[in-house]
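A.B. asks: The chain contents come next:
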Amino acid sequence: MEEVRRFYDAEGKTVEEAVKKAQEALDMVGRPLRYVIMSDGKGNRPAMIRVFLNLEEVELIESLINEFFEKLGVKPQIHMIPRQKRYYVNIVTKKYDSVLIGRNGETLKELDYLLSILVRRKKPDLHLTVDVNGYRERRKRFLINKTLAIAKQVKETGREMSLDPLTEQELRIVKDALKKEKGVILRAVGKEPNITYVIAPRN
Amino acid sequence: MGEIKDLIEYIAKELVDHPDLVSVKEIPGEKTVIYELKVGEGDLGKVIGKEGRTAKAIRAIIAAAAMKKGKRAVLEILE
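As given, the protein sequences belong to chains A and B, one line each in that order.
The numbering of the first sequence is my numbering, which starts it at 1 and goes up by one.
The numbering of the second sequence is my numbering, which starts it at 1 and goes up by one.
Each statement offered as a hint is correct.
The list that follows gives simulated cross-link-like pairs (lysine to aspartate or glutamate, DMTMM-like), each with its CA atoms no further than 20 angstroms apart:
hint: 1; chain 1: B; residue 1: 68; chain 2: A; residue 2: 97
hint: 2; chain 1: A; residue 1: 85; chain 2: A; residue 2: 9
hint: 3; chain 1: B; residue 1: 56; chain 2: A; residue 2: 112
hint: 4; chain 1: A; residue 1: 94; chain 2: A; residue 2: 67
hint: 5; chain 1: A; residue 1: 95; chain 2: A; residue 2: 112
hint: 6; chain 1: A; residue 1: 42; chain 2: A; residue 2: 9
hint: 7; chain 1: B; residue 1: 68; chain 2: A; residue 2: 106
hint: 8; chain 1: A; residue 1: 75; chain 2: B; residue 2: 6
hint: 9; chain 1: A; residue 1: 71; chain 2: B; residue 2: 36
hint: 10; chain 1: B; residue 1: 68; chain 2: B; residue 2: 6
hint: 11; chain 1: B; residue 1: 46; chain 2: A; residue 2: 112
hint: 12; chain 1: A; residue 1: 122; chain 2: B; residue 2: 43
hint: 13; chain 1: B; residue 1: 69; chain 2: A; residue 2: 97
hint: 14; chain 1: A; residue 1: 94; chain 2: B; residue 2: 3
hint: 15; chain 1: A; residue 1: 71; chain 2: B; residue 2: 20
hint: 16; chain 1: B; residue 1: 46; chain 2: A; residue 2: 125
hint: 17; chain 1: A; residue 1: 71; chain 2: B; residue 2: 9
hint: 18; chain 1: B; residue 1: 50; chain 2: B; residue 2: 17
hint: 19; chain 1: A; residue 1: 71; chain 2: B; residue 2: 14
hint: 20; chain 1: A; residue 1: 122; chain 2: B; residue 2: 14
hint: 21; chain 1: B; residue 1: 50; chain 2: A; residue 2: 106
hint: 22; chain 1: B; residue 1: 46; chain 2: B; residue 2: 14
hint: 23; chain 1: A; residue 1: 152; chain 2: A; residue 2: 176
hint: 24; chain 1: A; residue 1: 95; chain 2: B; residue 2: 3
hint: 25; chain 1: B; residue 1: 13; chain 2: A; residue 2: 112
hint: 26; chain 1: B; residue 1: 13; chain 2: A; residue 2: 62
hint: 27; chain 1: A; residue 1: 75; chain 2: A; residue 2: 62
hint: 28; chain 1: B; residue 1: 5; chain 2: B; residue 2: 20
hint: 29; chain 1: A; residue 1: 85; chain 2: A; residue 2: 137
hint: 30; chain 1: A; residue 1: 71; chain 2: B; residue 2: 3
hint: 31; chain 1: A; residue 1: 122; chain 2: A; residue 2: 70
hint: 32; chain 1: A; residue 1: 122; chain 2: B; residue 2: 17
hint: 33; chain 1: B; residue 1: 56; chain 2: B; residue 2: 9
hint: 34; chain 1: B; residue 1: 13; chain 2: A; residue 2: 67
hint: 35; chain 1: B; residue 1: 71; chain 2: B; residue 2: 36
Think of the hints as simulated: they come from the structure by calculation, not from any bench.
Starting from the given sequences, assemble the full structure and let the hints guide the process.
C.D. replies: Structure below.
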């Protein structure tokens with residue numbers, strides 16, 4: 001299937017400059033763009049914006065989520081970031097956030113599943129990663145930091161250490177985090193469904 | 001708890017092929033509210049999903065919404 005371009009990234013010294021560059025590149029000079037600020041350019045890194053190229057998709061997702069929560073009497077804030085093959089959609093309701101996340105993100109997993117099939121019924125190639133109040137991103141950062149801290153300790157002590165049980169998605173995050181850690185390897189111990197992952201020193 | 005009823009109805013209507021045949025009945029109780037979701041013939045699989053995956057998701061969401069109101073919600077799906 002043909003890869004659809006859903007976003008365009010532009011950099012500049014400031015956000016304004018990045019917007020101007022994007023407008024020129026996209027033949028949208030003088031016209032408003034819808035974009036997310038990925039980096040505001042106030043630190044050492046340049047400013048970067050990500051421009052939505054498919055507004056129809058964005059509006060479809062927004063209207064579906066709005067309608068869904070309207071039934072509960074909630075007007076959610078929806079923050080979207082287009083990614084390689086899917087939209088990251090962060091929903092903030094305040095009132096319902098904690099129950100929608102649930103214990104260990106259990107309810108969030110169900111919300112993600114449900115909103116994803118509702119959207120896909122309207123547009124089959126549209127994929128979402130649903131988040132509530134940034135829970136997934138926080139979890140992800142926490143997991144990366146923890147993995148790197150364990151890897152460091154394994155390298156220092158030369159002793160292997162096991163990780164807490166991981167979901168498939170978490171395993172992917174851990175593997176990704178360890179890619180640049182040359183001194184250690186990730187090993188699976190045991191069999192399904194009782195696999196434990198161990199970070200061990202290389203050789 | 002009319003809100004949860006509306007949400008169930010909305011979700012079901014989005015999932016099925018015959019939205020006009022979707023109805024939800026709310027049976028209130030002291031602590032537990034039962035929702036009877038009725039769908040048209042042939043649409044049962046759409047709201048239940050593969051191995052009950054979709055029904056499980058709907059149940060989790062309405063349980064969460066009900067919890068916020070200090071209630072328990074039970075969903076029954078009928079054809």
